[in-house]
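Student: So the sequence lines, in the order shown, correspond to chains A and B.
Going left to right, the first sequence walks through residues 1 to 362 as my numbering numbers them.
Going left to right, the second sequence walks through residues 1 to 362 as my numbering numbers them.
Please note that a few of the clues may not be correct.
All copies of an identical chain are treated as equivalent in the list; a pair is satisfied when it fits inside any one copy or across any two copies.
The list that follows gives simulated cross-link-like pairs (lysine to aspartate or glutamate, EDC-like), each with its CA atoms no further than 20 Å apart [to be verified]: (1) LYS45 - GLU316; (2) LYS318 - ASP44; (3) LYS318 - GLU124; (4) LYS60 - ASP257; (5) LYS112 - GLU141; (6) LYS45 - ASP311.
Keep in mind the hints are simulated off the structure, nothing from the lab.
2 protein chains.
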Amino acid sequence: MSERIYNLSAGPAVLPEEVIRSSQEAMWNLSGTGIGVMEHSHRDKAFMAVIEKAESLCRKLAAIPADYDVLFLQGGASTQFFMVPMSFLGPDTTADYIVTGVWSQKAIAEAKRFGKVHVAGTSEEQSFSAIPAASAIRWSERPVYAHFTSNNTIFGTQWTNEPTPPDGVPLICDASSDIFSRPIDVPKYGLIYAGAQKNLGPSGVTLVIVRKDLVERGSSSLPTMLQYRTHAKEKSLYNTPPTFGIFVMAEVLAWIDRNGGLAAMEKQNQAKAKVIYDYLDRSSMFRTTAAAGSRSLMNICFRATTPELEDKFIAEAKKRGFSGLKGHRSVGGMRASVYNAFPPAGCDALVAFLSEFEKANG
Amino acid sequence: MSERIYNLSAGPAVLPEEVIRSSQEAMWNLSGTGIGVMEHSHRDKAFMAVIEKAESLCRKLAAIPADYDVLFLQGGASTQFFMVPMSFLGPDTTADYIVTGVWSQKAIAEAKRFGKVHVAGTSEEQSFSAIPAASAIRWSERPVYAHFTSNNTIFGTQWTNEPTPPDGVPLICDASSDIFSRPIDVPKYGLIYAGAQKNLGPSGVTLVIVRKDLVERGSSSLPTMLQYRTHAKEKSLYNTPPTFGIFVMAEVLAWIDRNGGLAAMEKQNQAKAKVIYDYLDRSSMFRTTAAAGSRSLMNICFRATTPELEDKFIAEAKKRGFSGLKGHRSVGGMRASVYNAFPPAGCDALVAFLSEFEKANG
Chain A
1 MSERIYNLSA
11 GPAVLPEEVI
21 RSSQEAMWNL
31 SGTGIGVMEH
41 SHRDKAFMAV
51 IEKAESLCRK
61 LAAIPADYDV
71 LFLQGGASTQ
81 FFMVPMSFLG
91 PDTTADYIVT
101 GVWSQKAIAE
111 AKRFGKVHVA
121 GTSEEQSFSA
131 IPAASAIRWS
141 ERPVYAHFTS
151 NNTIFGTQWT
161 NEPTPPDGVP
171 LICDASSDIF
181 SRPIDVPKYG
191 LIYAGAQKNL
201 GPSGVTLVIV
211 RKDLVERGSS
221 SLPTMLQYRT
231 HAKEKSLYNT
241 PPTFGIFVMA
251 EVLAWIDRNG
261 GLAAMEKQNQ
271 AKAKVIYDYL
281 DRSSMFRTTA
291 AAGSRSLMNI
301 CFRATTPELE
311 DKFIAEAKKR
321 GFSGLKGHRS
331 VGGMRASVYN
341 AFPPAGCDAL
351 VAFLSEFEKA
361 NG
Chain B
1 MSERIYNLSA
11 GPAVLPEEVI
21 RSSQEAMWNL
31 SGTGIGVMEH
41 SHRDKAFMAV
51 IEKAESLCRK
61 LAAIPADYDV
71 LFLQGGASTQ
81 FFMVPMSFLG
91 PDTTADYIVT
101 GVWSQKAIAE
111 AKRFGKVHVA
121 GTSEEQSFSA
131 IPAASAIRWS
141 ERPVYAHFTS
151 NNTIFGTQWT
161 NEPTPPDGVP
171 LICDASSDIF
181 SRPIDVPKYG
191 LIYAGAQKNL
201 GPSGVTLVIV
211 RKDLVERGSS
221 SLPTMLQYRT
231 HAKEKSLYNT
241 PPTFGIFVMA
251 EVLAWIDRNG
261 GLAAMEKQNQ
271 AKAKVIYDYL
281 DRSSMFRTTA
291 AAGSRSLMNI
301 CFRATTPELE
311 DKFIAEAKKR
321 GFSGLKGHRS
331 VGGMRASVYN
341 AFPPAGCDAL
351 VAFLSEFEKA
361 NG
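The following block holds chain A by itself, in its conformation from the complex (with noise of 0.2 Å):
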């Protein structure tokens, strides 16, 4: 690692190291054309092969069918919590959503500004600790849509499979924390977006990958930038573009296709997790806070038998060279966060630390 530490961080997030020197080397001189990839117009050729291929890779890589835009935008999932209802419900309609936690119950408050919620399904009673089971999910009579977040960072829980709404609803997904993490069925979804600082790149930049009718499906009288229909007509340059964020995920997804495309990342995530997971499974001081059968392969959430031994444990941690070992304010304790980009040796190398620490303070 030479120089640089063990990145936990949930995001902002930790990215492949030659990413960065592939980063590095563009921004003074992109493919020999005299001036950096920051630098450059968003409507000359060396740009539209950038962006071209952050496309490509990202319709290779998750199998993207034809009658899907794939968008480059700005706002982050934030703005997507917005845009989503702003498009397609309006007072006399109803979107279902599924609330697995924060990020969720976000979304949903933005969703009430522009029409009726259903929540076809919780885990607010567990205290978010699981995804709910499919036989417990009550969908509305006619949802124009509905909604879930496939990967809670703050509560470590992941769906394992995507829902399946009543026929003809649109299934839309917040993927921002495990977008590419693993294969996904694209063909299920109506609309799926993704901030990009986990898995994909900088922050900066959201990915939105929608199937066409529901563009043209889109109201039409909202402001220019906040129609699907702006963007996806003019390939994401209608306006100036995250020009050097596009970059940054289009080397970060030709780095996910050398080493064998989205299904090698599940395998690789599954057996990163794997090694943390035992450890706390067997651990007596430390124990994993997410269900069985929920737990996130991405943000691995843990607490201690005490406070005092989890503030000493993150203390001591960022001194051996583990950073963003902390959780989120909202639930403490600690959480490691191994995304595509984490090395495995930094995932054994923690587990060497946790089971050190153990023996020294059990």
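Fit chain B to the known structure of chain A by using the hints.
Tutor: Just chain B now, with coordinates in the frame of chain A:
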């Protein structure tokens, strides 16, 4: 210039080479933290220091008073085109706009979705080759705000002094293409917005300087992300901001500061533009399209005697290491964008090449 060429792009545009070098370093390891700037959580101390540096340098350089908020948002000027009227304009109120080109027209199109628009002045009859005279501006009875575009990239015109709306009417400015290229008298303004990608950094960050009473006046029934108060209250950290873009902006601002601040930028920009305009004024082949008194110091638009000579000039210039000289597709001709970071030596070199070309083809 080593392996880099002269980049006269209208935006994204050339950045100071020192800034590129420090950004490359920080991308690997920010301030000795062992984590690159793109990979730091936006909530950790290292990034908090970055965003605080960006804000404090903005405040220092432009002498921004304490009753103004400085915000780092996403979505560019195109997002401000609707966010401004969405916040302040309603069906029964009027906003005044001065039309000096395409960007003003786009801003008006979005404002019309929310309320009434009065065109207080326009140079459309002169094909936007000039800035309207102060004596030609006719304000409406009681506008909720007055909006203008300080520099017009497509037509190469720039306001010398800002317009003066009636007492108590907030002046709102799209300063995307000349922000911090000269001193700005912030207390004259209610709100100033600027996409970063000309004088401030990479695309994907929007600087907004807004008087606190306007923040409070904005509609509070809008989506959370579209209320200025959300970002003012949370110091631009309500959601994950474009962290890398803000870092680069802080580096650019520090570069401006080291080089004498906005007064020194203005002096150098005047000298740089003068070299080119002086040549165009004495040339028999080339002439500038902007009217005297309205000439932009940022974007120098010019024509040759025939379209054939223009094509030949642009092609030969490219071979000689001058990139981005083609005028906007809507007006044709040539455009030399010479923002803060474009070196004076590049202006001299361009004039030498113009002269050589004129001699060879005259």
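Student: Regarding LYS45 and GLU316, is the shortest C-alpha distance of 20 Å or less found within a copy, between copies, in both, or in neither?
Tutor: between (50 Å within a copy, 18 Å between copies)
Student: If the cutoff is 20 Å on CA atoms, where do LYS112 and GLU141 land: within, between, both or neither? Let me know, please.
Tutor: Only inside one copy: LYS112 and GLU141 sit 18 Å apart there, 37 Å across copies, limit 20 Å.
Student: For the identical chains here, do LYS45 and ASP311 meet the 20 Å Cα criterion within one copy, between copies, both, or neither?
Tutor: between (52 Å within a copy, 18 Å between copies)
Student: Regarding LYS318 and GLU124, is the shortest C-alpha distance of 20 Å or less found within a copy, between copies, in both, or in neither?
Tutor: neither (32 Å within a copy, 62 Å between copies)
Student: Within, between, both or neither: how does the pair LYS60, ASP257 come out at a Cα-Cα threshold of 20 Å?
Tutor: within (9 Å within a copy, 46 Å between copies)
Student: Reference check for the pair LYS318 and ASP44, CA-CA at most 20 Å: within, between, both, or neither?
Tutor: Between. Shortest inter-copy distance 13 Å satisfies the 20 Å Cα cut-off; intra-copy 44 Å does not.
Hint 3 alone, counting from the list given before, is not met by this structure.
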